[in-house]
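Take a look at the letters that make up each chain.
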Amino acid sequence: MDVSAFAVPGAGRGILDVVKYRYLLRLLIRKGIITRYHGSVLGWVWSYVKPAAQFAVFYVVMGLFLNLTKGIESYPIYLFSGIVVVNLFNEAFGNATRSIVSNKALVKKIYLPRELFPIADVFIALVHFLPQLSILLVVCLFVGWVPTPLGLLGALLAVFIVAVLATGLGLLFGAINVAYRDAQNVVELILLFATWTSPVLYSWTMVRDQAPTWLFDIYMANPLTSAVELFHTAFWFPTTSETAERPESLWLFTLIGLVIAVLCLIAGQLVFRRLEGRFAQDL
Amino acid sequence: MRKTSESPLPRIIIEGVQKTYTLRHSNSFKESFVARLRRKRTSTSFTALNDVTLTVHEGEAIALIGYNGSGKSTLLKLVSGVLRPDAGRVRTRGRVAGLIEVGAGFHPDLSGRENVYLNAAILGMAKEEIDARFDEIVAFSEIGEFIDTEVKHYSSGMFVRLAFAVAIHTELDILLVDEVLAVGDAPFREKCNAKIRELVSAGKTLFIVTHDLGMVSEICNRGIVLRQGELIFDGAMPEAIAALKGSR
Chain R
1 MDVSAFAVPG
11 AGRGILDVVK
21 YRYLLRLLIR
31 KGIITRYHGS
41 VLGWVWSYVK
51 PAAQFAVFYV
61 VMGLFLNLTK
71 GIESYPIYLF
81 SGIVVVNLFN
91 EAFGNATRSI
101 VSNKALVKKI
111 YLPRELFPIA
121 DVFIALVHFL
131 PQLSILLVVC
141 LFVGWVPTPL
151 GLLGALLAVF
161 IVAVLATGLG
171 LLFGAINVAY
181 RDAQNVVELI
191 LLFATWTSPV
201 LYSWTMVRDQ
211 APTWLFDIYM
221 ANPLTSAVEL
231 FHTAFWFPTT
241 SETAERPESL
251 WLFTLIGLVI
261 AVLCLIAGQL
271 VFRRLEGRFA
281 QDL
Chain W
1 MRKTSESPLP
11 RIIIEGVQKT
21 YTLRHSNSFK
31 ESFVARLRRK
41 RTSTSFTALN
51 DVTLTVHEGE
61 AIALIGYNGS
71 GKSTLLKLVS
81 GVLRPDAGRV
91 RTRGRVAGLI
101 EVGAGFHPDL
111 SGRENVYLNA
121 AILGMAKEEI
131 DARFDEIVAF
141 SEIGEFIDTE
151 VKHYSSGMFV
161 RLAFAVAIHT
171 ELDILLVDEV
181 LAVGDAPFRE
191 KCNAKIRELV
201 SAGKTLFIVT
211 HDLGMVSEIC
221 NRGIVLRQGE
231 LIFDGAMPEA
241 IAALKGSR
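Order-wise, the sequence lines are chains R and W. First residue of the first sequence? That's 1 in the UniProt record's numbering, and the numbers climb one at a time after it. First residue of the second sequence? That's 1 in the UniProt record's numbering, and the numbers climb one at a time after it.
Next comes chain W alone, as it looks inside the complex:
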């Protein structure tokens, strides 16, 4: 094993990645069968990502920007492992945590406390880690005494704050964020941004998908622009925003 101190290993490697969605038009055996008999196409395909290559190093805060349908979320899902690439390869080093639509694992009939444990475990935390961080999570979420109330009685703001607090407190090396920062009121959003900046300065790698250009230009130090599945720009943030605006 060769160790190079001047260039440490990257955190994320994305090499020639391609992702094509096959949209199946039928949802039952019968429909597929009939369509096949009539020689109708049972599916159409759509290329979401085409030959995307990039490397992300430790401590980088990357904004992935692009208009709707440019493949941003697909790329994020490939890094998180929810989807698999059709060609090319994706490799990650260290613990990946996704702030992807926080609250996906929340169950309305369970209390806030039970949901914290359940979701932290879904994000890969062990019981001891959750025990150790539980008070911190509750304090960050500002839920207070409602922590033992069923989540279905929460206001949408409380719900999101708790979900976000869980996700942000997981032990991680790479943080994937998808459009969640637009939640909560202004003071809470500021608190989240501060927390994310803290993670970046602690050397964590950040990968954000967003339309909120103002926020990412504050936090991120590298911008990647996608257009219809192709990577069209990779560089400093101000230029990335210019490239995005010019890409329409």
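One chain only, chain R, in its complex shape:
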């Protein structure tokens, strides 16, 4: 018998199938955006309030109490351009981790490439990142920021690295989370660390001066570190007197960060595919 006409039910090609389902992906993203602030009076204003509150707390504590405003020129912009990157990562990674469990009803009833759910969440996080990015742009322009093509390219690359990393880790922990809900607690820990293990609140030079070289290299190889530094290069640095020290091989570390992010994506996809067969019965 000719078996080529037959398909194996439930055997997809993983994230490659998402291209085929792009219309559904679009609808899922739309649904996520529409229903996000459903029933709240302020709605999208929350997307501005949350980063603003975070900024205020960090600015007062780190900038004023711990005197970082003296050490880092135009510290508010430094701080905010880092916060938006880490927020994007936290939002994308956190939601992607919970996505399979929160789409339980669908996962149990109908077959579709389950990668769609974490990926849709990463895109939704990207949409919520836009208001924050626009505030950053407005503030920067206000203080006389002149964008450079290389800087903007770097910022785009940073967003790409963060999105790939969050997708990879989201697939990995999202799949584990189905059987073991501990995963989402582990992720919350990782997210807590994410803010502090990249140069968001302080300068990278403090790590260089305190840590041994090998530790500093690991620190710099963190994809989030290079993403944050790329944002600093694009938005903060041009608004200063440009005398601050910049990390030497930033582009090399960016490349390393990109490779790590892609490896995470591959690992995430492999684990996801391995565990996927049990999703419907474990949920």
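A couple of the hints might just be wrong.
Stated by the list, open to error - Below, simulated DSS-like cross-link-like pairs (lysine-lysine); rule was C-alpha separation at most 30 Å, straight line:
#1 K30(W) / K70(R)
#2 K127(W) / K152(W)
#3 K104(R) / K30(W)
#4 K245(W) / K104(R)
No lab work stands behind these hints: they were computed from the structure.
Position chain W against the provided structure of chain R, taking the given hints into account.
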């Protein structure tokens, strides 16, 4: 490639399929770890399907019957791809659409219109197909002007009618139905049955899981009886119902 006109390719092949559920007793790393330390079993297994083999051809309307826990829904989920068999193989030819608990993809905060698009896309339809069939779907559901109202304001009957209308209008070769026909009021149920009969006479393959023997004996031309995961009867409908009654 060999083409035989007298015996066209089947639509569904199920060969020696086995499905065992492992029921894990723990839901956290800690629980699994402690259980392992105490040498307690962390899971029990339960065979839902054992060595089931059957072939379904084009235009067949199959009723899958059996008492609770006989493995009917598991078999349907294996065909839809939600579950994977532990042994044996399942193959399908053509587009499979599931009327499995319609409304699983409905979001209460979205309007009827948005839900139609979302669910049709979940069932594998492209935007153009949905656009083309949208009016037909709304007409079938009898929702009328409420189509732009949020679904959470619908009565349960309206909800089910809309969900069913979406599922039944998807482009399909194989239709899987799980216990959904018991919904809606009598006139709507009659309308659904008529629509399903129309699909069968158009050469679509139908695979229904149900307890409503009266309805399936009207629609289906082949009955398969499962008992505790084993296929105990495969043949004409009246005999299948007799076999089911005798299987208790």
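_Could you work out which of the previously given hints the structure breaks and list their numbers from low to high?_
Hints 1 and 4 are the ones this structure does not satisfy, whereas the remaining hints hold.
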